[in-house]
Amino acid sequence: MAHPKRKISKTRRDKRRTHYKASAPKVAVDSVTGEPHLYHRAHWHEGKLYYRGQVLIDNTEEIEA
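Under the numbering used here, the first residue of the sequence shown is numbered -8, with each subsequent residue one higher.
Since the hints were derived computationally from the structure, they do not count as laboratory data. Check the hints yourself; a few may be wrong.
Below, in silico cross-link-like pairs of lysine-lysine (DSBU-like), each with a Cα-Cα straight-line distance of 30 Å or less [said to hold, decoys possible]:
(1) Lys6 - Lys17
(2) Lys17 - Lys39
(3) Lys1 - Lys12
(4) Lys(-2) - Lys17
(5) Lys1 - Lys17
All values derive from a computational prediction rather than experimental measurement.
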């Protein structure tokens, strides 16, 4: 098993890690509702679940029993 010959200083370690950054998530605007949402994700608006401008689930309708 390989071992380092010298201790790596905190400064050198932190210089190496400067490229690891969290990026802000991409936000899209739905063409039908105008609501902002994450790309490739369904989103709720006024009791309906939308994905790519189409209604997937409509909770506003009454369920007949």
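Quiz item: Of the numbered hints stated previously, which ones are contradicted by the structure, given in increasing order?
Solution: 4, 5
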